[in-house]
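Novice: Please take these sequences and the hints and turn them into a complete structure.
If you read the protein sequences in the order shown, they are chains A and B.
Residue numbering for the first sequence follows our numbering, beginning at 5 and increasing consecutively.
Residue numbering for the second sequence follows our numbering, beginning at 70 and increasing consecutively.
Hints are computed from structural coordinates only; laboratory data are not their basis.
Yeah, the Cβ is synthetic: ideal placement off N, Cα and C, and Gly gets one too.
Heads up, a few of these hints could be off.
Partial selection, computed: residues in chain B whose CB lies under 10 Å from chain A [what the hints assert, rightly or not]:
id, residue
1, Q75
2, G110
3, G112
4, P113
5, S115
6, L116
7, A155
8, S156
9, S162
10, Y167
11, A173
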Amino acid sequence: SAVISQKPSRDICQRGTSLTIQCQVDSQVTMMFWYRQQPGQSLTLIATANQGSEATYESGFVIDKFPISRPNLTFSTLTVSNMSPEDSSIYLCSVGGSNEQFFGPGTRLTVL
Amino acid sequence: KNQVEQSPQSLIILEGKNCTLQCNYTVSPFSNLRWYKQDTGRGPVSLTIMTFSENTKSNGRYTATLDADTKQSSLHITASQLSDSASYICVVSPFNDYKLSFGAGTTVTVRA
Chain A
5 SAVISQKPSR DICQRGTSLT IQCQVDSQVT MMFWYRQQPG QSLTLIATAN QGSEATYESG
65 FVIDKFPISR PNLTFSTLTV SNMSPEDSSI YLCSVGGSNE QFFGPGTRLT VL
Chain B
70 KNQVEQSPQS LIILEGKNCT LQCNYTVSPF SNLRWYKQDT GRGPVSLTIM TFSENTKSNG
130 RYTATLDADT KQSSLHITAS QLSDSASYIC VVSPFNDYKL SFGAGTTVTV RA
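Specialist: This is the structure:
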């Protein structure tokens with residue numbers, strides 16, 4: 005298993021601003037994933053972050069809005085840029101592969 | 070499009086009673102099917118993982134079943150406790166693909 009921590013755990017932000025979410029894993033992992041969970045809905049994959057290469061974004065998500073960094077095998081950041089109320093969600097990072105994925109505790113973001 | 074559908078959307082049960090959650094999926098071929106428990110404000114935590122060749126898996130008071138022929142799974146909670154109040158998410162992992170297919174979840178509320 006993997007122990008994943010995220011910072012911040014929650015935040016309230018003003019529209020038009022940006023927030024960077026950090027994800028730290030207690031072991032080296034190849035693949036890290038960023039998910040969004042909108043209120044009352046299940047998880048949607050935003051992008052896959054691989055160390056040493058550009059993140060791979062899913063349909064509907066773009067790098068300008070959700071830039072991702074992956075400087076090493078234990079850490080990643082997701083920035084939510086130019087926020088609007090529609091970005092209010094829980095953002096989760098995850099590690100693993102096809103056999104198992106472990107999730108962080110999530111960052112609850114509210115945009116006013 | 071791969072889909073995972075869960076029912077019911079929500080349910081309320083009395084402490085000590087049993088309940089069964091359903092999951093139907095169209096993902097094919099698939100590597101494994103998982104049930105996650107997500108407490109409010111937390112990330113999902115894995116309860117059971119089953120490969121296509123397994124038809125039952127238990128984790129304490131949680132028992133998952135899988136019928137790969139009919140593409141159905143269920144999660145049975147025995148002797149429910151207040152701490153079982155959470156969202157339960159069915160997740161299917163496609164064969165040779167790290168992109169998971171998530172159900173919308175079933176919200177279980179256990180009342181004293």
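Novice: What are the numbers of the hints that this structure violates, sorted from low to high?
Specialist: The structure breaks hints 6 and 7; every other hint is satisfied.
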